[in-house]
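**Student:** Each chain, written out:
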Amino acid sequence: MLTEKFDVIIVGGGGAGCAAAVAASVAGARVAMITKEPAACGNTRVSGGDFALPCVVDGDLPEAFLNDLLAGGEFINRPELASVMAWMGRKAALLAECMGHLFERDAGGEVSDRIMFAYGGHSFGRTIASPGRGVSFCHSLRGALARQGVASFEDCIATRVVTHGGRVAGLVALDLLRGEVLLFRCPCIVLATGGAGWLYYPNTSCTRASTGDGFALALQAGAELVDMEQVQFIPFALTTPDILRGAVVGEPATGGPLGRLLNARGEVLLERFSHMTRAQVAKAMAVEIEKGNATANGGIILDLKPNLTSEEGLRARSLTHRSGISEAVKIAHGFAAYNWEEPWDVCPSAHYNMGGVRADGFGRSTITGLYAAGEVMGGLHGANRLGSVALTELFLFGERAGRDAALLAKAKSESGFPGGQVEAETARLKSLYGKKGSVRPAHLKRDLGRLMWQEVGPAREEWKLRLALEGIEAIKRRLADIETCAELSYNLEVLDAVELGFMVDAAWAIAASALERRESRGAHLRLDHPEKDDSKWLCNIIARLAPDGGKVYKEQIVAA
Amino acid sequence: MGISLKIEIFRGDQAGGKLKPYVVNAKNGHTVLDSLFQIYENIDPTLAFRCGCRYRKCGLCAVMADGKARLACLTPLAGGMTIEPLKGLPLVRDLVVDRRPFFESIGQLALYLPSREIGEDFQKVIDRDERKRLMACTECLACLATCPKFNFRAASEGIAGHGKRAIERGYCAGPYFFVKLAQLFFDPRDKADRAVQAKLIGIDECRDCGLCYCPIGIPLYTGAILPLLGG
Chain A
19 MLTEKFDVII VGGGGAGCAA AVAASVAGAR VAMITKEPAA CGNTRVSGGD
69 FALPCVVDGD LPEAFLNDLL AGGEFINRPE LASVMAWMGR KAALLAECMG
119 HLFERDAGGE VSDRIMFAYG GHSFGRTIAS PGRGVSFCHS LRGALARQGV
169 ASFEDCIATR VVTHGGRVAG LVALDLLRGE VLLFRCPCIV LATGGAGWLY
219 YPNTSCTRAS TGDGFALALQ AGAELVDMEQ VQFIPFALTT PDILRGAVVG
269 EPATGGPLGR LLNARGEVLL ERFSHMTRAQ VAKAMAVEIE KGNATANGGI
319 ILDLKPNLTS EEGLRARSLT HRSGISEAVK IAHGFAAYNW EEPWDVCPSA
369 HYNMGGVRAD GFGRSTITGL YAAGEVMGGL HGANRLGSVA LTELFLFGER
419 AGRDAALLAK AKSESGFPGG QVEAETARLK SLYGKKGSVR PAHLKRDLGR
469 LMWQEVGPAR EEWKLRLALE GIEAIKRRLA DIETCAELSY NLEVLDAVEL
519 GFMVDAAWAI AASALERRES RGAHLRLDHP EKDDSKWLCN IIARLAPDGG
569 KVYKEQIVAA
Chain B
30 MGISLKIEIF RGDQAGGKLK PYVVNAKNGH TVLDSLFQIY ENIDPTLAFR
80 CGCRYRKCGL CAVMADGKAR LACLTPLAGG MTIEPLKGLP LVRDLVVDRR
130 PFFESIGQLA LYLPSREIGE DFQKVIDRDE RKRLMACTEC LACLATCPKF
180 NFRAASEGIA GHGKRAIERG YCAGPYFFVK LAQLFFDPRD KADRAVQAKL
230 IGIDECRDCG LCYCPIGIPL YTGAILPLLG G
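Respectively, the protein sequence lines represent chains A and B. Under the working numbering, the first residue of the first sequence is numbered 19, with each subsequent residue one higher. Under the working numbering, the first residue of the second sequence is numbered 30, with each subsequent residue one higher.
The following block holds chain A by itself, in its conformation from the complex (with noise of 0.2 angstroms):
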């Protein structure tokens, strides 16, 4: 078994891994990247590209910009993530750009106020575009791991943290080109796996790699996860074809002043939705879908042809196409859809996981060695993220958990260990090929993905998690008896077996966690518990795994 020596080892190949990955090398470790897919083709690929930039546009100030975070996280960020981003938030596109990135630039060369602009809730122009969009970050992001030399296992998912005295002390991966199993030593890793937006499969804009497994290997290595219960929906995604169910066509704002939502028997639903969050929207639909009022896709009617007879609904239109969210609407419903000449159906889709693993301002969890950067790390948006402020956090945070985990690894003496928990994952691992069962990988997937859509999506009850919370642990015994064929080779049955291990893991802290949130703040919506109540819950809510089963508790925050 090929065993190998690091300093530094990064989990996930997005920006936060990148950014992570080339930081602790130029702080003199020795570095490898362990990801799933080939490098860079995840959800930094596919976002639209902008990024927060504060401290550009006339009076906006560092003070500013943690206002803004504060009040749409709805207070319960955590305060040092959220003073990181605001002070050192710029610091993170100039280190993009030297990573080899391009901003958009105005007619002279140069980051002006004038290609600045405000997304909902920021008080100020702070959100910069990328010529090219999401998929330009990544030239550069794989440029920059070849730059400076660090070693790239693309097509290896990491199954296990190995600890050893309650510090990392490695990892093991499979190799999915091969079917076979990795070992690797190394006193530091630095999660940056993304998000669990497949646990809603198919109502999710995510790529099918987030499936949440930096939160489940935070949760097996003994580290806490932080407001897991806040999931990010976005209202307007396409219903149909199939492939295309869950992809991102709309806002809120999308909905121009005259926009309207209809049920399927053409009862208007919201009227003048553009100034609501998108958590407020998708619980309007979610409410009317479960109803049973939904279209033969399980849609709602999106109508925006009442904007075309105004001037400020015929410039929303515009600046929607400008923006190119819609693009995919052409191919769904074709053109008089795209020009908001007919109305098409649309159903909300899990889109970003706010919470996540606990960490400080240099993404250290609560287990020694083991860092989080980038949309796995919890905390930092609260109840409720900003538009553009991921691409952000993933440069500022990977870089800083990268040169942080770079000087603890060189401070760090040879540790024991443990051979016991390396046999036994690499056992398992082999198991998983040609097993013999009664279900099939991908089917489990589906049934989860049904599950957490109809029980914990976003529209929440008392009863409703717990019958997820049943339903999870049904699975969960099912992952116990699945079958799957041999191949060594890419087999993606064992990926997705590997996969769901950690879906249900994340599963049980975002429903755990929902279930102990008595409150609806920022995305998080019980219908049992309509109010938000700062004098219960201004509060986080933890969840970790301990050898007698999983807590999840509140605990208050503590000023930075």
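Hints are computed from structural coordinates only; laboratory data are not their basis. Every value quoted in this text rests on a predicted model; they were computed, and no experiment measured them. Wrong hints could be hidden among the right ones.
Quick look at which bits of chain B chain A covers, simulated, 3 or more residues with Cβ under 8 angstroms [unchecked claim]:
1) 39-49
2) 77-88
3) 138-151
4) 206-219
Here are some chain B residues the structure puts well away from chain A; computed CB gaps all over 12 angstroms [to be verified]:
5) A107
6) E113
7) D127
8) R129
9) M164
10) N180
11) E186
12) G199
13) D233
14) E234
15) C238
In this text, a Cβ means the ideal position worked out from N, Cα and C, and glycines have one as well.
Chain A is fixed; fit chain B onto it per the hints.
**Tutor:** This is chain B only, laid out in the frame that chain A set:
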């Protein structure tokens, strides 16, 4: 609902393989990727294919559909269709090609800007439309399958020997590499001579060819190859 369509998919690896027939249930708007999911989930779980975003942006699902290099997520399914892995690329299994050598090539060709210290301010850069157009490349590698002079062995050797010798005569490394070189060629911040690099990896073979194409419409010949040729 839906209609039954018979299609054929390549099953096999570097050692060999054959086209296997499948019958899929296709609804309106179904794509090749839809059928791959359907087959893997309900008919034949041994099928291997790549997929990421499901809609046009990640570049992972490129295949040959009826002999044309396409993105599976964008290709409407048609009865009698033949689906094969990208032609000429190192095959892992079924529709999955090995992308690791392409990561290696980034380092070998220095497809990145020179290192620099992070500054206090943004550099003044007059960006170019020619560069912006090329940045939309999703690195799906489909264009390599459309190049009549592309040969993986020759390309790998040529790229590995870069700077010391040119690629073997009669071959070129393929349009993907010329797009990557051209992105930097049009970047005012780049310092290397990308046109010379392009020559070393066979761009002269591209003169008067123009047969390569991109499934998402990046102008390979006019946007990358001609400019590097000095045209």
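**Student:** If any of the earlier hints don't hold here, list their numbers in rising order.
**Tutor:** 1, 7, 8 and 9
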